[in-house]
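Visitor: Chain residues, written in single-letter form:
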Amino acid sequence: MEKIKQIPIVKKLGFNRIVLFAIMILMYIIFCATIPGFFGPGRIMSILNYAYFLGFLALGVTFVIATGGIDFSIGPVMFCCALMAGYTFGTYHIPMVLAMLMSVAIGFLFGLFNGFMVSFIGIPPFIISMASMNIAKGIASVYTKTQSVQWPQSASDGGWFRNIVKVGGFPVGLVVFICVVVILYIILNGTKAGRYILCLGSNREAVRLSGVNVKKWMMLAYVICGTLVGIAALYYVAAYTTVQPGSGDQYNNEAIASCVMGGTSMVGGLASIGGTVLGTFIISLLQEGILAYRLGKDIQLIITGLIVIVFVYLDVSARRRKS
Amino acid sequence: MGEVILTMKGIDKSFPGVHALDHVDLELRRGEVHALMGENGAGKSTLMKVLTGIYTKDSGTITYEGKEVEFHNTHEAQEAGIVIVHQELNMVGDLTVAQNIFIGREFKKGIMIDDKKMIRESQKLFEELKIDIDPKAKMSDLTVGKQQMCEIAKAISHKAKVIIFDEPSAALTEKEIADLFNIIRDLRAQNLGIIYISHRMDEIKVITDRVTVMRDGGYVGTLITKDCTKEDIINMMVGRVIYETPKTQSAVPADAPVVLKVEHLNAGRMVQDVSFELRKGEILGFSGLMGAGRTETARALFGADPKTSGDIYINGQKVTINSPEDAVKHGIGYLSEDRKRYGIVVQKSITENSTMATMEEFMSGFLINKGKEKKVTEKYIEELATKTPSADQLVVNLSGGNQQKVVIAKWLVRNCDILIFDEPTRGIDVGAKNEIYKLMNRLTKEGKSIIMISSEMTEILRMSDRIVVMCEGKKTGEIPIEEATQEAIMDKATRDIQ
Amino acid sequence: MTKKKSVFSQELIIAILVIAIYLFIRWRNASFGNYNTLLNILDISYYYVLMGIGVTFPLITGGVDLSIGTGMICYALAGGYLIRFSGVPVWAAMLITVLFGVAIGAVNGTLISIMGLPPFLATLCTCMITRGLGSVCSGSFAIPWPTDTDPTGNGWFHSIFKTTINNDSGLYGALKGSVGALFPMDKRLTFIKAPLGFVWIILLLLLMQFILSHTKFGRYTIAIGSNKEATMLSGVNVKFYHVMAYVVCGLFAGLAAIAYAAYTPTVQPGTGAGMELDAIGGAIVGGVSTTGGYGTIYGTVLGVYVIMLLKNGLPFMGLNANWQQVITGTVLIVAVLIDIIKRRAMKK
Chain A
-12 MEKIKQIPIV KKLGFNRIVL FAIMILMYII FCATIPGFFG PGRIMSILNY
38 AYFLGFLALG VTFVIATGGI DFSIGPVMFC CALMAGYTFG TYHIPMVLAM
88 LMSVAIGFLF GLFNGFMVSF IGIPPFIISM ASMNIAKGIA SVYTKTQSVQ
138 WPQSASDGGW FRNIVKVGGF PVGLVVFICV VVILYIILNG TKAGRYILCL
188 GSNREAVRLS GVNVKKWMML AYVICGTLVG IAALYYVAAY TTVQPGSGDQ
238 YNNEAIASCV MGGTSMVGGL ASIGGTVLGT FIISLLQEGI LAYRLGKDIQ
288 LIITGLIVIV FVYLDVSARR RKS
Chain B
5 MGEVILTMKG IDKSFPGVHA LDHVDLELRR GEVHALMGEN GAGKSTLMKV
55 LTGIYTKDSG TITYEGKEVE FHNTHEAQEA GIVIVHQELN MVGDLTVAQN
105 IFIGREFKKG IMIDDKKMIR ESQKLFEELK IDIDPKAKMS DLTVGKQQMC
155 EIAKAISHKA KVIIFDEPSA ALTEKEIADL FNIIRDLRAQ NLGIIYISHR
205 MDEIKVITDR VTVMRDGGYV GTLITKDCTK EDIINMMVGR VIYETPKTQS
255 AVPADAPVVL KVEHLNAGRM VQDVSFELRK GEILGFSGLM GAGRTETARA
305 LFGADPKTSG DIYINGQKVT INSPEDAVKH GIGYLSEDRK RYGIVVQKSI
355 TENSTMATME EFMSGFLINK GKEKKVTEKY IEELATKTPS ADQLVVNLSG
405 GNQQKVVIAK WLVRNCDILI FDEPTRGIDV GAKNEIYKLM NRLTKEGKSI
455 IMISSEMTEI LRMSDRIVVM CEGKKTGEIP IEEATQEAIM DKATRDIQ
Chain C
0 MTKKKSVFSQ ELIIAILVIA IYLFIRWRNA SFGNYNTLLN ILDISYYYVL
50 MGIGVTFPLI TGGVDLSIGT GMICYALAGG YLIRFSGVPV WAAMLITVLF
100 GVAIGAVNGT LISIMGLPPF LATLCTCMIT RGLGSVCSGS FAIPWPTDTD
150 PTGNGWFHSI FKTTINNDSG LYGALKGSVG ALFPMDKRLT FIKAPLGFVW
200 IILLLLLMQF ILSHTKFGRY TIAIGSNKEA TMLSGVNVKF YHVMAYVVCG
250 LFAGLAAIAY AAYTPTVQPG TGAGMELDAI GGAIVGGVST TGGYGTIYGT
300 VLGVYVIMLL KNGLPFMGLN ANWQQVITGT VLIVAVLIDI IKRRAMKK
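Protein chains in written order, with the numbering used here: chain A, -12 to 310; chain B, 5 to 502; chain C, 0 to 347.
You may find that some hints are simply not true.
[To be verified] Capping the alpha-carbon separation at 27 Å, the derived lysine-lysine pairs in DSSO-like fashion look like this:
(1) A/K(-1) <-> B/K383
(2) B/K234 <-> B/K437
(3) B/K322 <-> B/K284
(4) B/K376 <-> B/K333
(5) C/K215 <-> B/K113
(6) C/K215 <-> B/K142
(7) C/K341 <-> B/K140
(8) C/K238 <-> B/K142
(9) B/K53 <-> C/K227
(10) A/K202 <-> B/K374
(11) C/K215 <-> B/K150
(12) B/K344 <-> C/K227
FYI, nobody ran anything at the bench for these hints, they're computed from the structure.
This one's a predicted model, so the numbers in the text were calculated from it and none came from an experiment.
Same shape as in the complex, but just chain A:
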């Protein structure tokens, strides 16, 4: 085992990530073998649809977790973005571009608010998550008068926004997703922001005493997260059209599950963009499989809950052994 880990290519890609990749492939093969009709582009598209929005959520929360924080308002905030922008589009007939910008802007503002409260005021991240979660749900309900919101179909006015997922048979969404992943990878590993975010997640005081404005950088992580949540909202409605007020909680856990599976440590300081992406695909594949088995959303809630528990426990016990 240890020997395998020392092979250069394994070391470069990360042993854990190779294992995750293998698990993903294995899951796909098992689903294809046991579910008639699972193999084929239709299911792949469906998995991708799920992976886009979940991926943006998971990538966003990866930055927050890297600082040693947490954000479980992302699911409801995503719905809040989709509801408010969609309602505005439907009721006031603003141009689609503005509606899309509005969605991203709402996500950004929530990120700014959470980040400010956590880093400048010092409110514990889990409490601000709870508060934001409810505020997001409440505001969205008030704004939409508790109605569900439909985003336009492809043929109707403004329906062109669905091109962010695919044009004809070409998966534009995948291209966008890959671009965002590359950009985020560079931000996390190649820029000052990423360096500081990871370091302050590991030891905030030491970074502060090096003369770094830690509050600013910590807030940035939440802002990145919020912005990605705003984008995730667009990919959600592009795939599923309708949004209901008052929900979205289950996506928190799926996004966090994607992160911790990918090797991002809940204690902060360690994060992997590639790992999160793999985690996202595994969760998306899992949800598609559960759907195909006709097991229902409940089972998926239970499974993702268990996944998070297992992976966080592995992380915690690995750290305990080290120290």
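Keeping the supplied structure of chain A fixed, place chains B and C upon it in accordance with the hints.
Guide: Coordinates of chains B and C only, in the frame set by chain A:
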């Protein structure tokens, strides 16, 4: 001294990568105060943790009251009558004094806890110890010294036969230390066995009967205190005679420009109206007892903690420092006394730590220039002789001395002109210590100025060009090195203590 | 001594606040002053208060339990299913409901205390898991518990919380008389429903406050939240008591499930997320420290009533009911801000 109550023989304990205890022996008699000495990391605390059941030993025997014993947790050890007064205070701040003393063995009345009886019993204990503490006070409202007294009262209330004091005097004032010694003498008279861990040589001479010395996890020897000299003990601790000659003359010319001037600095109770000057190329020693406010002064100066008032001038220019960010911009670097918490990010590489304060220098546009980063880091690894296989090594894998060098490198990369070294050699072995001293001297020759906070008198006398002495948050004296003696410093360091 | 006084006055302020809010809304809108409005608010409040009392214990240890909302629904679904479809007697179903809560509490405690998971994360997972389990238990159907007019007589458990007084003699008469005096709005009070549940709440409050301040379990709960390491070194079985804090929390979530079943006509699977917030928010409004080590049960109960009055009273002031969630979120932030400011002031 009475008969033997406790014998530890051939105690061996390994942690992954460290042989923490190598066949250590210890013998304790009734009515004896037995000092356990050794440098930091010699294994004293580990030995005591093995004794009280926090760690399990790999081999060796513990004989207590004639029977071989093995405790699995502190509770079992307490039940048997072996208690420890910890160096770090183990108090539950939100509970009252009485609740703390009897935590884990509360008196009960039915299912209720009998708080009244606990208060009465605490009162009795305090009377016995002749100390004045309100058992109903909330623990977090007491001073550190009083908390320590509560800890001792708690230990005694266990009907202990063996009490271990782990550096009890570190946070105490002179008066409190005198009280403590009276208590210890009383306990000795009651035929208890006492193990006393301390670094303060004069205390050892005053209070203890025998001394056991440890070095690098091994047993060196046991001496009768009154038959040996300070030097004997020190030689056993370090394994050789220290040739540390104090500086006799300042290396700074009298006309050297003032690079840093601090006027009337105030920050809470621990920093009251502190003023001083630092000259170019000077090492300004900050001496004083534990809790004199030296670290707090440094942190307030550096902007790490808020200050209430005070002016800071750098090269004659008045500057505003409200955060470490401001301080670093003005060319000040700070090496904290607590390296692991405030100095380094242990889970990150040497490179990442070294360049942390100077990221702007390593940016090409938005991206970090990792090649340049590595080159500079490697240069400093070589210059400071940091022992590491590569610049990518995680700092957690380095020894204390090498970790300290990484912190120094961080500020050298930044090219800070004013460096604050807060206990620069704490937890570092003798060899690495000398390297740090050499480095400090070299830095001042290059025109940098250093503020050195140190609790080791020899270090202060050896390194400083001038010495500022603090006591209870106030500056009580400033002594040029030419006139400095241990006695002169001590006199000022205890000035305000009645 | 002076400090103790100021802590006492914090809970006093909250108590005054509760009364002030009530009177203020009553002043702005007279129909809020109906006896039935108050009865209704009390009815809704029971399960929140029960959750609040329970979650105070994890909060004092410096943790949190986010699973109480969905957990409560899950236990109520399980219990209701047993009554409806398995013919289990109501008392047995109630017992099972509570035990289910205890079991999930034990799971939370084990994850946090023994396996070392961060509390918010572990309970976020059990929050999702209980939500899923609730649907599994009920086969994804909404489950009604027996109504209070249920012909089989299975609805008796409603009278735990609300009992009808139709008797003018003795104590009952006195009660009826005083209600009539306090609520002049309601002119035709021939019979009243007495909020018996409130009596239980008071009794439980006293019991749990007693446990918190006068038993080992309570003492160690505070000690763990204040300094876990020191408590462990004092020979206290920290792991056990830490788990127990979550077990008690689970127990109260189970009790809340019964109160919820008595309040709501049907229990819907998939709901419950967000309900924990009112309970946790109430505790924090009531002065429980977010960093652990301090808290009182009566503070929590008062805090929950602050939120209950705001949530249920604001529609009477012409505010859209959808603002309720926003209010809870905002109140939570304000409460934590006060906690932070208080701690900063204490440091000085």
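Visitor: Now look at each hint and say whether the structure bears it out.
Guide: Status of each hint after checking the structure:
Between A/K(-1) and B/K383, the direct Cα distance comes to roughly 26 Å. Compliance with the 27 Å bound is thereby established for this hinted pair. Pair hint B/K234 plus B/K437 holds up; C-alpha atoms about 21 Å apart against a cutoff of 27 Å. Our distance criterion of 27 Å between C-alpha atoms is met by B/K322 and B/K284, whose separation comes to about 17 Å. A threshold of 27 Å between alpha carbons decides the hint, and for B/K376 with B/K333 the separation of about 22 Å falls inside it, so the pair holds.
In summary, the hint linking C/K215 to B/K113 is supported, as the alpha carbons are separated by about 11 Å, within the 27 Å threshold. In summary, the hint linking C/K215 to B/K142 is supported, as the alpha carbons are separated by about 18 Å, within the 27 Å threshold. With a CA separation close to 22 Å, the supplied pair C/K341 and B/K140 stays within the 27 Å bound. Of the pairs offered as hints, the one joining C/K238 and B/K142 holds, with about 25 Å between alpha carbons and a cut-off of 27 Å not exceeded.
For a cut-off of 27 Å, the pair hint linking B/K53 to C/K227 stands: about 18 Å separates their Cα positions. For the given pair, A/K202 sits about 25 Å from B/K374 by alpha-carbon distance, which is consistent with the 27 Å threshold. At roughly 25 Å between alpha-carbon atoms, C/K215 and B/K150 fall within 27 Å of each other, so this suggested pair holds. Taking the CA atoms of B/K344 and C/K227, the gap is near 21 Å; set against the 27 Å cutoff, the hint holds.
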